[in-house]
Every structure is written in C-alpha cells, then in structure tokens.
Amino acid sequence: MIVNLIVIFMGIVLVNNFVLSQFLGICSFLGVSNKMSSSVGMGGAVVFVMVIAELVTWPVMQLLNKFEIGYLQTVVFILVIAALVQFVEMFMKKYLPALQKALGIFLPLITTNCAILGATINAISYGYSYVESVVYAFGAGVGYMVAMVLFAGIREEKLNNMDAIPTPFKGVGIILVSASIMALSFMGFTGMFQ
Amino acid sequence: MEKKSKLSILTNGIIKENPTLVLLLGTCPFLATSSSLINALGMGLSATAVLICSNIVISMLRKVIPDKVRIPCYIVVIAGFVTLVQFVLQAYAPDINKALGVFIPLIVVNCIILGRAEAFANKNSVVDSALDGIGMGLGFTLALAAMGAIREFLGTGCLLGFTIIPNFSIGFFNLPPGGFFVFGVLIAIMQAATKGKALKAKGFSCGLCPMYNSCNTAEANEEVAAEKKAAAAV
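Just so you know, the protein sequences line up as chains Y and Z, in that order. Convert by adding 353 to the 1-based position in the first sequence; the result is the number in the numbering used here. Convert by adding 114 to the 1-based position in the second sequence; the result is the number in the numbering used here.
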C-alpha cells in the first residue's frame, strides 16, 4: 500500500512530470518562472489547489457515476474547481491573511490552469482510489513546483544576460530551447519507478 | 470599434494575429498534440469546432449575459460544446480520441477560446463572431499541423503514417523535449524572417493573456505594485 503510494508520487514528480513530459500548465510555467520568488508562490498555490480540487472532485465523480451521468465530467469539474478557488480565496482572506498574501495573487490564475483540471481528470481515468488520487494530485503539484523552481533558477542565473544570444532567439525562442534541454534531462528518470 | 471588412476578420486569425505563433496562446495543446500530423489535425479541428460554436452562441447571448458573471457563463457554454465534440470523436474517431486523451476535455481551459469569447464575441455580431472563430481556428490548426508535420517527419520519417524516407528517425523530435525545441526554433525562424516584427508578445507573461483585464490578477498585480510603493516610501 505505502510502496504503491510512493511509486505513484515519485512517478508523477520525476518520470511523468506534469510540465516537462505531459505539457500541462505550460502557460503559467513559462509565464511565471522569470522570478524565483513568484515561481515558489505559484508552485505552492498549485500544490494547494490541486490537492483540494482532488479531494472534492473524486467524490463528485462517484456521485455522477451513481446517476450514470459520467459524461458531464468536464462541465461539472470545471465549475467545481472555479467555485472552489473562489471559496478558498474568500476563506483565506478572512482567516489566513498571511497565507493569502503569499499565494493570493496566483489563485485566480489557477482556475483556468489546465494542470488542475488535467490532474483531476487523469486521476479518474487511471482508476485510482481516493487516497491514491490525492497522492497523485499532490505529486503532480510538487512536480510542477520542482520544474518551475529549477527553471526559474536557470532563467535568473543564465538568461537575464541576453547579449550572447543570437537575435532571433532572444526572448521567447531561447526560453523554449532551454525548457527543451531541461525536459531532456528529466527524461533520464524514465523507467525508474514502475 | 471601427468596422472591419468580413475578409479581414477571417484572415486576421490566420496570419496577423495567429493565436499560437504570434500571440503565444494555447501552448499546452500546441506542444502536447503535435507529435504526429494526424493528432495535430484532430486537435486543431476539434478546437476549431468548439471555437466557432462557442463564438456564435456567446455572441447571440451577449446582451442577455450579465456583465459580472460573464466568465462562468462562457465557461459553461464552452464546456458544453467540448462535451459534444468528445461524443463525436468517441463515436467516429475513437483512435484519435484515445491518442489525444485528456487534451480533449482540456479544450475547456484553452485560453484561445476563452480569450476570443472575451475579446471578440461579446462585442460583435453573430456573423462576425463566426468568421472570427473560423479564422482563429484555422490559424491554430495550420500552426499545429505545421509543427506536427515537422515533428512526425523528423521523428519517424513518415507523414500521416506513410513512409517518406525509410529507416530514418531522430527519436528526439517525437519526445516531449523535441516539442519545446521545434516550437522555439519555429519562433526564432519567424522572428528572423520578419526582422522581429512578427511576435506581438515580447515574452510569456500574464499581460498578454486576453483575459488579463477581466481576470482578478490584473487587480492583484496593481495591489502588489501599490504595496511595493508603500514599502519603498517607508
């Protein structure tokens, strides 16, 4: 049981990393990783929302299946996630102002982040149990954060000095090529946890 | 808003404001589903169908939807059409549906579609919105197909499953890193060809998202800026 959970967790963090090998959450990955501080904040917010979203959507899916309306999955999930993010934000504003300050500005961004919806749908389609899917969502969030923080480090260290880069690659081009090299290095984990 | 000719609305999305290559929107499906040409076409056409339908419906409802809850309304309309497309694919193209997997339901959160609803369909007539949907959808499909063709050809030596060069394959291009790489090189080529004028977006950031002004993030960013100013003054 525990071994199984560890395999799921490590598998999604390293082998099937959400950003680098499944291409989920690319917009925010490339958009926010220009600063280390904001990428840590965004990563934290994604982990937080992903786990909560998974905690809620898994029982919702059982309910949908019970009434045999599983095909409404997409519509119901996106609405549940959007409502959830709103509630979490309101709750945090009232009771956890410190946390709200750290994560708050990233929360609205997350509603339309495909990583959240992707994780919830994936966990259902893989047929995970409740505990497994929560671990999966947590791992997916952590994987997103790891990729983002590492990439922010590279960008702050190496890509701020644009003089050495050929003109057409300046800006967007070199960011994508560096992401490619990072994805390539993550492929070294292939086959590790299976 | 100035009146535009029908033709310019249609071609706007294909070249001048190509959603992926110029505006850098919808990067997730663009990278994920371009490993082969057939997947790329399937994804492009599905997204186009959703985009046209949602543009038409949102444009029809633009005077009915209250301004404050418009984003949730758009999401519901889009999610409904995505479910329809999913049914059609399951029935008539199960292989493509399986290959695209989670990216079909994820059309819901594709920023091109939500962005066009917000930026175009809620301000323009039904016919114009439909044309905009067709143009933007075709722009996305063409960019995706070009990327899919390059990656499939270099990765396997085939196109649409037909062998072009036997025993030729560079596996890298079929794998995820190849997606990032080809996208980066495509953008660099476009920049070189147009001397840096093509790209509207100067980088990836929240500011270039069409939802920026309506999303709370804009507000939050201003709050943060104001706080920083206050801190600096102290």
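Bear in mind the hints are in silico, worked out from the structure with no lab data behind them. Note that the structure is a prediction, hence the values are computed from the model and not measured. Check each hint, because a few of them may be wrong.
Pair ranges (Cβ atoms, derived) [as the list claims (entries may be wrong)]:
{"#": "1", "chain 1": "Y", "residue 1": "Gly423", "chain 2": "Z", "residue 2": "Lys177", "range": "45 to 51 Å"}
{"#": "2", "chain 1": "Z", "residue 1": "Leu121", "chain 2": "Y", "residue 2": "Ile507", "range": "30 to 36 Å"}
{"#": "3", "chain 1": "Y", "residue 1": "Gln439", "chain 2": "Z", "residue 2": "Ile129", "range": "17 to 23 Å"}
{"#": "4", "chain 1": "Y", "residue 1": "Ala436", "chain 2": "Z", "residue 2": "Ile129", "range": "35 to 41 Å"}
{"#": "5", "chain 1": "Y", "residue 1": "Lys511", "chain 2": "Z", "residue 2": "Phe201", "range": "44 to 50 Å"}
{"#": "6", "chain 1": "Y", "residue 1": "Val433", "chain 2": "Z", "residue 2": "Met174", "range": "45 to 51 Å"}
{"#": "7", "chain 1": "Y", "residue 1": "Leu512", "chain 2": "Z", "residue 2": "Thr308", "range": "20 to 26 Å"}
{"#": "8", "chain 1": "Y", "residue 1": "Gly423", "chain 2": "Z", "residue 2": "Thr125", "range": "49 to 55 Å"}
{"#": "9", "chain 1": "Y", "residue 1": "Ile507", "chain 2": "Z", "residue 2": "Ile303", "range": "33 to 39 Å"}
{"#": "10", "chain 1": "Z", "residue 1": "Leu198", "chain 2": "Y", "residue 2": "Val433", "range": "18 to 24 Å"}
{"#": "11", "chain 1": "Z", "residue 1": "Lys237", "chain 2": "Y", "residue 2": "Leu449", "range": "37 to 43 Å"}
{"#": "12", "chain 1": "Y", "residue 1": "Leu425", "chain 2": "Z", "residue 2": "Asp181", "range": "46 to 52 Å"}
Ideal placement from N, C-alpha and C gives every residue a C-beta, glycine not left out.
Status of each hint after checking the structure:
Distance hint check for glycine 423(Y) and lysine 177(Z): the Cβ-Cβ separation is about 35 Å, which falls outside the suggested range of 45 to 51 Å. Leucine 121(Z) and isoleucine 507(Y) have their C-beta atoms about 45 Å apart, which leaves the hinted 30 to 36 Å range violated. Between glutamine 439(Y) and isoleucine 129(Z) the Cβ separation comes to about 38 Å, which falls outside the hinted range of 17 to 23 Å. A hinted range of 35 to 41 Å holds for the C-beta pair alanine 436(Y) and isoleucine 129(Z), which are about 39 Å apart.
Between lysine 511(Y) and phenylalanine 201(Z) the beta carbon distance is about 47 Å. The supplied range of 44 to 50 Å therefore holds. For the pair valine 433(Y) and methionine 174(Z), the beta carbons lie near 27 Å from each other, so the given range of 45 to 51 Å is not met. At about 23 Å, the CB distance of leucine 512(Y) to threonine 308(Z) agrees with the hint of 20 to 26 Å. As the Cβ distance of glycine 423(Y) to threonine 125(Z) is approximately 41 Å, the hint placing it in 49 to 55 Å is violated.
With their beta carbons about 24 Å apart, isoleucine 507(Y) and isoleucine 303(Z) fall outside the hinted range of 33 to 39 Å. Between leucine 198(Z) and valine 433(Y) the CB atoms are about 20 Å apart, so this pair conforms to the stated range of 18 to 24 Å. The given range of 37 to 43 Å is respected by lysine 237(Z) and leucine 449(Y), whose C-beta atoms sit roughly 39 Å from each other. For the pair leucine 425(Y) and aspartate 181(Z), the supplied restraint of 46 to 52 Å is violated, since their beta-carbon distance comes to about 27 Å.
Hint compliance for this structure: hints 1, 2, 3, 6, 8, 9, 12 are not met, and every other hint is.
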